[in-house]
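4 protein chains.
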Amino acid sequence: MSDSNTTIEQLREVVRRFVEERDWRQFHSPKNLSMSLAIEAAELMEHFQWIDIAESRRVVDDPAKLAEVRDEIADVLCYLLALANELNIDLATAIRDKMVKNAAKYPAEQSRGHYAPPAEREKD
Amino acid sequence: MSDSNTTIEQLREVVRRFVEERDWRQFHSPKNLSMSLAIEAAELMEHFQWIDIAESRRVVDDPAKLAEVRDEIADVLCYLLALANELNIDLATAIRDKMVKNAAKYPAEQSRGHYAPPAEREKD
Amino acid sequence: MSDSNTTIEQLREVVRRFVEERDWRQFHSPKNLSMSLAIEAAELMEHFQWIDIAESRRVVDDPAKLAEVRDEIADVLCYLLALANELNIDLATAIRDKMVKNAAKYPAEQSRGHYAPPAEREKD
Amino acid sequence: MSDSNTTIEQLREVVRRFVEERDWRQFHSPKNLSMSLAIEAAELMEHFQWIDIAESRRVVDDPAKLAEVRDEIADVLCYLLALANELNIDLATAIRDKMVKNAAKYPAEQSRGHYAPPAEREKD
Chain A
1 MSDSNTTIEQ LREVVRRFVE ERDWRQFHSP KNLSMSLAIE AAELMEHFQW
51 IDIAESRRVV DDPAKLAEVR DEIADVLCYL LALANELNID LATAIRDKMV
101 KNAAKYPAEQ SRGHYAPPAE REKD
Chain B
1 MSDSNTTIEQ LREVVRRFVE ERDWRQFHSP KNLSMSLAIE AAELMEHFQW
51 IDIAESRRVV DDPAKLAEVR DEIADVLCYL LALANELNID LATAIRDKMV
101 KNAAKYPAEQ SRGHYAPPAE REKD
Chain C
1 MSDSNTTIEQ LREVVRRFVE ERDWRQFHSP KNLSMSLAIE AAELMEHFQW
51 IDIAESRRVV DDPAKLAEVR DEIADVLCYL LALANELNID LATAIRDKMV
101 KNAAKYPAEQ SRGHYAPPAE REKD
Chain D
1 MSDSNTTIEQ LREVVRRFVE ERDWRQFHSP KNLSMSLAIE AAELMEHFQW
51 IDIAESRRVV DDPAKLAEVR DEIADVLCYL LALANELNID LATAIRDKMV
101 KNAAKYPAEQ SRGHYAPPAE REKD
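Residue numbers (this note's numbering), protein chains in the order written: chain A, 1 to 124; chain B, 1 to 124; chain C, 1 to 124; chain D, 1 to 124.
You may find that some hints are simply not true.
[To be verified] Once the Cα atoms are required to be at most 27 Å apart in a straight line, the calculated DSS-like pairs of lysine-lysine come out as:
1) B:Lys98 - A:Lys105
2) B:Lys65 - C:Lys105
3) B:Lys101 - A:Lys65
4) C:Lys65 - D:Lys65
5) D:Lys101 - C:Lys105
6) C:Lys98 - D:Lys101
7) B:Lys65 - A:Lys101
8) D:Lys101 - A:Lys105
9) B:Lys105 - A:Lys65
10) B:Lys105 - C:Lys101
11) A:Lys65 - D:Lys105
12) B:Lys98 - A:Lys65
13) D:Lys65 - C:Lys98
14) C:Lys101 - D:Lys98
15) C:Lys65 - D:Lys105
16) A:Lys98 - B:Lys65
[As the list claims (entries may be wrong)] DEER-style ranges, computed between Cβ atoms:
17) D:Glu55 - C:Thr93: 42 to 52 Å
18) C:Gln26 - B:Val100: 46 to 56 Å
19) A:Val60 - D:Ser4: 41 to 51 Å
20) B:Asp62 - C:Ala103: 28 to 38 Å
In short, the hints are calculated from the structure, not lab data.
Note that this is a predicted model, so its numbers are computed, not measured.
For glycine and all other residues, C-beta sits at the position ideal for the given N, C-alpha and C.
Required output: the full structure, derived from the provided sequences and hints.
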């Protein structure tokens, strides 16, 4: 099992089964799950709170730290998959559709090396 | 392209290419990406801020609202994939490993219908 | 010492002294403090994650729970004051100025019982 | 009106009146307000998302940027005051009590220049 041979649907099924075995769908309203997602995202952020940008890049070389970060990333993804399950949202097509919008907002040529879209940079 | 026939790696590659075409890896430190993830999670939460739990479940039947929520979910997932790319974290194994821990913390039988783990409920 | 006889400046001074005694201004960049604020806000939210709206109102009658929530609110406020200290922002005038904008966006008469501003409600 | 001559209670009263004139207490459950607080904290964070730590310190010298940040800080504070109003929490004593705990966790001498408490640093 790795990202190369696992479909999104297979991961969704892992989460779906875990939730159903515990009868947790009663708690999994979209409102609650959106809170859970934000809470787990904050726990992930906590690992980078006091370090600077360069140091945060070196986390990839720190196995103990990386293992903690990896667990938090898994938590965020679990809640994201649980929310997609509740709302019947296909994530692959959601990403593809959003990427079309993003590509229009951030054309590759004019966006090279700029994080603000061309439209906003003109204002400055 | 759908969740049933798309691997995690294929989605990661979509994000990787988008980032590289714009020379954005310079902004994509784990510190910054963890902030982005939390920001997008908050934008998702905004759709459920003032409605109650029952109403949040009915979003699945409101195509206009659901389309907005779907876009926010895609944003969260994009940043999660970008972060996994920067940190070389395999998400399928990260989820599997976390689920083993979760299953130990929340045994199915004792957790049915409870969102707090058995260990914490005993304290009350 | 209570909210009736404590000025904002006095609270700011409490935080300022705590930070300076520990030589922590080196960590207190606005970027880091904005992360801290979001992290503490998420910890506060955790207390309301799985309960419904009515139950969250009853926290006021649950002394043990209320004490935990009170500690989290204090954490959020500490970081907010630390950030105001770093940026030399007067909070009393910031609130007053923002309230003028809010009153224009949400005129009292048209906003009674609606959480969306009149301009947005017209679109629906 | 400035932080030196404004009490916390006076700011609370500004928010209380705004909420009551709009009949908004019906939306102001602690659950909803904790979400609002996290959402506004994320909007504040957005201003520091892509800049580095040094650049975030220079926001204090950029009047246009500072005005935007000031508005976001006011939003966070408004929701914090609204939540304190709903839960009848005195903020001055909440801060004082939390500071006593913080001072025990982070003794000034052993904490100079360290953001992690002594107890955690020993583990490393």
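Going down the list of hints, with the structure as the test:
1. B:Lys98 - A:Lys105: This hinted pair is violated, its Cα atoms lying about 36 Å apart.
2. B:Lys65 - C:Lys105: holds (23 Å)
3. B:Lys101 - A:Lys65: Holds - the C-alpha atoms of Lys65 (chain A) and Lys101 (chain B) are around 18 Å apart, at most 27 Å.
4. C:Lys65 - D:Lys65: violated (39 Å)
5. D:Lys101 - C:Lys105: Not satisfied, since the Cα-Cα distance of roughly 41 Å exceeds 27 Å.
6. C:Lys98 - D:Lys101: Violated. Lys98 (chain C) to Lys101 (chain D) sits at ~33 Å, over the 27 Å cutoff.
7. B:Lys65 - A:Lys101: holds (18 Å)
8. D:Lys101 - A:Lys105: violated (48 Å)
9. B:Lys105 - A:Lys65: holds (22 Å)
10. B:Lys105 - C:Lys101: violated (48 Å)
11. A:Lys65 - D:Lys105: holds (23 Å)
12. B:Lys98 - A:Lys65: Holds, because 15 Å separates the two Cα atoms, which is no more than 27 Å.
13. D:Lys65 - C:Lys98: holds (15 Å)
14. C:Lys101 - D:Lys98: violated (33 Å)
15. C:Lys65 - D:Lys105: holds (22 Å)
16. A:Lys98 - B:Lys65: holds (15 Å)
17. D:Glu55 - C:Thr93: 42 to 52 Å: violated (26 Å)
18. C:Gln26 - B:Val100: 46 to 56 Å: With a Cβ separation near 40 Å, Gln26 (chain C) and Val100 (chain B) fall outside 46 to 56 Å, so the hint is violated.
19. A:Val60 - D:Ser4: 41 to 51 Å: holds (48 Å)
20. B:Asp62 - C:Ala103: 28 to 38 Å: Since the Cβ atoms of Asp62 (chain B) and Ala103 (chain C) sit about 31 Å apart, the hinted range of 28 to 38 Å holds.
The structure does not agree with the numbered hints 1, 4, 5, 6, 8, 10, 14, 17, 18 stated previously, though it agrees with the rest.
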